[in-house]
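Asker: Listed below, chain by chain, are the residues.
2 protein chains.
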Amino acid sequence: MDIVKTIAQVREVVRKARGDGKTIGFVPTMGALHGGHVSLMEAAGNKCDFVVVSIFVNPTQFGPGEDLDKYPRDIEADAEKCRAADVDLIFAPEAGEMYPDKLISWVEVEKLTDKLCGRSREGHFKGVTTVCAKLFNIVLPDIAFFGQKDAQQAIVIKRMVTDLNMPLVIKVCPTAREQSGLAISSRNQYLSEDEKKQAALIYASLQKCEQLVKEGETNSEKLIEAMIGKLAESPCIIVEYINIVDSDTVADIARVSGQALAAIAVKLGNTRLIDNIILDTTG
Amino acid sequence: MDIVKTIAQVREVVRKARGDGKTIGFVPTMGALHGGHVSLMEAAGNKCDFVVVSIFVNPTQFGPGEDLDKYPRDIEADAEKCRAADVDLIFAPEAGEMYPDKLISWVEVEKLTDKLCGRSREGHFKGVTTVCAKLFNIVLPDIAFFGQKDAQQAIVIKRMVTDLNMPLVIKVCPTAREQSGLAISSRNQYLSEDEKKQAALIYASLQKCEQLVKEGETNSEKLIEAMIGKLAESPCIIVEYINIVDSDTVADIARVSGQALAAIAVKLGNTRLIDNIILDTTG
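If you read the sequences in order, they're chains S and Z.
For the first sequence, position 139 matches number 139 in my numbering, and the numbering has no gaps at all.
For the second sequence, position 82 matches number 1082 in my numbering, and the numbering has no gaps at all.
A few of these clues could be false.
[Unchecked claim] Straight-line alpha carbon distances no greater than 30 Å define the calculated DSS-like cross-link-like pairs of lysine-lysine that follow: (1) Z:K1047 with S:K115; (2) S:K267 with S:K196; (3) Z:K1171 with S:K5; (4) Z:K1171 with S:K102; (5) Z:K1102 with S:K115; (6) S:K171 with S:K47; (7) S:K102 with S:K115; (8) Z:K1016 with S:K171; (9) Z:K1081 with Z:K1047; (10) Z:K1115 with Z:K1267; (11) S:K70 with S:K81; (12) Z:K1102 with S:K126; (13) S:K197 with S:K115; (14) S:K267 with S:K214; (15) S:K267 with S:K70; (16) S:K126 with S:K47; (17) Z:K1197 with Z:K1158; (18) Z:K1158 with Z:K1111; (19) S:K115 with S:K222; (20) S:K126 with Z:K1126; (21) S:K149 with S:K22; (22) S:K22 with Z:K1016; (23) Z:K1111 with S:K115; (24) S:K47 with Z:K1016; (25) S:K102 with Z:K1126; (26) Z:K1005 with Z:K1016; (27) S:K102 with Z:K1149; (28) Z:K1149 with Z:K1230; (29) Z:K1171 with S:K126; (30) Z:K1005 with S:K158; (31) Z:K1111 with S:K16; (32) Z:K1126 with S:K158; (33) Z:K1115 with S:K111; (34) Z:K1081 with Z:K1070; (35) S:K102 with Z:K1115; (36) S:K16 with Z:K1022.
[Said to hold, decoys possible] From the derived model, a few chain Z residues whose C-beta atoms are all more than 10 Å from chain S: (37) V1172; (38) Y1190; (39) K1197.
Because the hints were derived from the structure by calculation, they are not lab data.
Beta carbons are placed, not taken as given, at the ideal position from N, Cα and C, and that holds for glycine.
Using the sequences and the hints given, assemble the complete structure.
Answerer: Listed below in structure tokens is the structure:
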């Protein structure tokens, strides 16, 4: 496994792999790798011949007052996990390699980004789409892998790729979870043991919602009420949003019919956590 | 020479050419091909093994009230010129192929686009950068060729490619001109014979500016005054802008030192015409 820091090096290594007839799988990350990332690397390894992981804490997707500075960084532990997951190449650029000059070109997806997490995280998705466009242009993968946990991100990236005819496929993989059901996230490191216990209520409330849908409840208002009720069992969880939305447009829906997304964002102390579940009335 | 209308066909033909070890040159156009386009095709043929020309009157770069509907279209004459210039492939999609759904993803270059033509043509460059990003992603050329006549466009596209790490090189080729000096443009078709004569004053005024720089004048205000004086010889030319700007940032400069751009936009009757010249004090 190579670890490279420059764009020129990535391009050279990938060009060689492609020259050997290999398909390229790509997992973009901000490091602090965990079971969720590992499951993406494994999916990439199953689908592609050559797996590239990028590790880059992208400053342009953090808003003012967000956790850019304290975001966890540990390249050696990350490299170990990549090696264990049979990754072929890590691209770990410095900020100066990705943004040598002040960036004035942006890729932006409208409409999908002003809802859910876009409401509270201004400019976040503009930073995400732009850095993903850059990384896709650098790595030129056949398939890029994203986690269902960041559901809105996956929807936005998919739309960007479709609208702009980017020559790759986006594959969204299931959310990896702790035993407790808590969605694995780099930000779980910020939680105390007690907070972790309470955080398990997020998935419990999504499961409650799923259960109600299975029992025939399709009214979004009632489903949201039930989720709020479940989360209220925690003394510390502050709900940022609970929405039931269309899985393509992220627009609120009054009734679940076919596929939909139940999505939650909460604050637990200073830590912001998100999770979601795909609802499906057809099966 | 093939003429194809779908993205899938372009990709297939280009993939085959690349598989044969050929380099890909690309000339994006809106059709109504003229000597300027032909010079780009020839430049592409000299530099690359396989030349792709796109012909697409892109609706998203026309503002309300602009000439989208009356913009000249003649695919057969265009194909003839491409054939004569040894083009290998024409991509001539319908609007529905390029924009099957409402486009909500955009590529935008800030700062460079709110000056010169960006002042009067709101949203124009956002349409240009987005369609170029789409076309680059479809054709995947090694080199794309643009004309110096649309100087600001070339500067903006170059910056987009750099900022977003797009895997191609932008080559800017000299402006093709009529005998009179008038920059060749598809919009010259709109001009009467008398207007054409007056339009020659645009280049004459740029040459005047160049001459003064050669004689040692570097004060932008004085150079602009001289150009205004020359244009005033026409009874019908209405100046939209005359600027002397930095050739990378398009910012106005008070004094010419090294390379700079003198750029003009005028209206002649209902027709908007632009032209520019590169100034160079270094010799």
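Asker: Next, verify each hint and record whether it holds.
Answerer: Here is how each hint holds up against the structure:
1. For the given pair, K1047 of chain Z sits about 47 Å from K115 of chain S by alpha-carbon distance, which is inconsistent with the 30 Å threshold.
2. For a cut-off of 30 Å, the pair hint linking K267 of chain S to K196 of chain S stands: about 12 Å separates their Cα positions.
3. For the given pair, K1171 of chain Z sits about 28 Å from K5 of chain S by alpha-carbon distance, which is consistent with the 30 Å threshold.
4. Of the supplied pair hints, the one linking K1171 of chain Z and K102 of chain S holds, its CA atoms being roughly 23 Å apart against a limit of 30 Å.
5. At roughly 18 Å between alpha-carbon atoms, K1102 of chain Z and K115 of chain S fall within 30 Å of each other, so this suggested pair holds.
6. Taking the CA atoms of K171 of chain S and K47 of chain S, the gap is near 10 Å; set against the 30 Å cutoff, the hint holds.
7. A distance of roughly 28 Å separates the Cα atoms of K102 of chain S and K115 of chain S; the hinted pair therefore holds under the 30 Å criterion.
8. Simply put, K1016 of chain Z and K171 of chain S have alpha-carbon atoms about 26 Å apart, close enough for the 30 Å limit, and the pair holds.
9. Proximity of K1081 of chain Z to K1047 of chain Z is assessed by CA-CA distance (about 19 Å); at most 30 Å being required, the pair is judged to hold.
10. Distance check on the hinted pair: K1115 of chain Z and K1267 of chain Z sit about 17 Å apart at the alpha-carbon level, within 30 Å; holds.
11. With a CA separation close to 21 Å, the supplied pair K70 of chain S and K81 of chain S stays within the 30 Å bound.
12. Distance hint between K1102 of chain Z and K126 of chain S is fulfilled; the C-alpha atoms sit about 19 Å from each other, no more than 30 Å.
13. For the hint pairing K197 of chain S with K115 of chain S, the CA-to-CA distance comes to about 28 Å; that is within 30 Å, so the pair holds.
14. Taken as a hint, the K267 of chain S and K214 of chain S pair is honoured in the structure, with Cα atoms around 28 Å apart against an allowance of 30 Å.
15. Taking the CA atoms of K267 of chain S and K70 of chain S, the gap is about 17 Å. The hint holds against a cut of 30 Å.
16. For the hint pairing K126 of chain S with K47 of chain S, the CA-to-CA distance comes to about 29 Å; that is within 30 Å, so the pair holds.
17. For a cut-off of 30 Å, the pair hint linking K1197 of chain Z to K1158 of chain Z is broken: about 33 Å separates their Cα positions.
18. For the proposed pair K1158 of chain Z and K1111 of chain Z, the alpha carbon gap of about 14 Å is at most 30 Å, so the pair holds.
19. For the hint pairing K115 of chain S with K222 of chain S, the CA-to-CA distance comes to about 21 Å; that is within 30 Å, so the pair holds.
20. In summary, the hint linking K126 of chain S to K1126 of chain Z is supported, as the alpha carbons are separated by about 15 Å, within the 30 Å threshold.
21. This hinted pair checks out: K149 of chain S and K22 of chain S have alpha carbons roughly 29 Å apart, not beyond 30 Å.
22. Straight-line distance between C-alpha atoms of K22 of chain S and K1016 of chain Z comes to about 17 Å, which keeps the hinted pair within the 30 Å bound.
23. Proposed proximity of K1111 of chain Z and K115 of chain S is supported: the alpha carbons are some 27 Å apart, at most 30 Å.
24. The suggested pairing of K47 of chain S with K1016 of chain Z holds, with an alpha-carbon distance near 24 Å, which does not exceed 30 Å.
25. Between K102 of chain S and K1126 of chain Z the alpha-carbon distance is near 19 Å, which keeps this suggested pair within the 30 Å criterion.
26. Between K1005 of chain Z and K1016 of chain Z, the direct Cα distance comes to roughly 17 Å. Compliance with the 30 Å bound is thereby established for this hinted pair.
27. Of the supplied pair hints, the one linking K102 of chain S and K1149 of chain Z holds, its CA atoms being roughly 27 Å apart against a limit of 30 Å.
28. Between the alpha carbons of K1149 of chain Z and K1230 of chain Z the distance comes to roughly 20 Å, so the proposed pair stays at or under 30 Å and holds.
29. Distance restraint check for K1171 of chain Z and K126 of chain S: the Cα-Cα separation of roughly 29 Å lies within the 30 Å cut-off, and the hinted pair is therefore satisfied.
30. Distance restraint check for K1005 of chain Z and K158 of chain S: the Cα-Cα separation of roughly 24 Å lies within the 30 Å cut-off, and the hinted pair is therefore satisfied.
31. Between K1111 of chain Z and K16 of chain S the CA atoms are separated by roughly 38 Å; this puts the pair beyond 30 Å, and the hint is violated.
32. Proximity of K1126 of chain Z to K158 of chain S is assessed by CA-CA distance (about 21 Å); at most 30 Å being required, the pair is judged to hold.
33. Distance restraint check for K1115 of chain Z and K111 of chain S: the Cα-Cα separation of roughly 27 Å lies within the 30 Å cut-off, and the hinted pair is therefore satisfied.
34. A hinted pair counts as satisfied when its Cα atoms are at most 30 Å apart, and K1081 of chain Z with K1070 of chain Z qualifies at roughly 21 Å.
35. Using a Cα cut-off of 30 Å, the hinted pair K102 of chain S and K1115 of chain Z holds, with the two alpha carbons roughly 18 Å apart.
36. A hinted pair counts as satisfied when its Cα atoms are at most 30 Å apart, and K16 of chain S with K1022 of chain Z qualifies at roughly 17 Å.
37. Every CB of chain S lies more than 10 Å from the CB of V1172 of chain Z, the least distance being 18 Å, so the non-interface label holds.
38. No beta-carbon of chain S is positioned within 10 Å of the beta-carbon of Y1190 of chain Z; the least distance is around 32 Å.
39. Non-interface status of K1197 of chain Z relative to chain S is upheld: no Cβ of that chain comes within 10 Å, the nearest being about 40 Å off.
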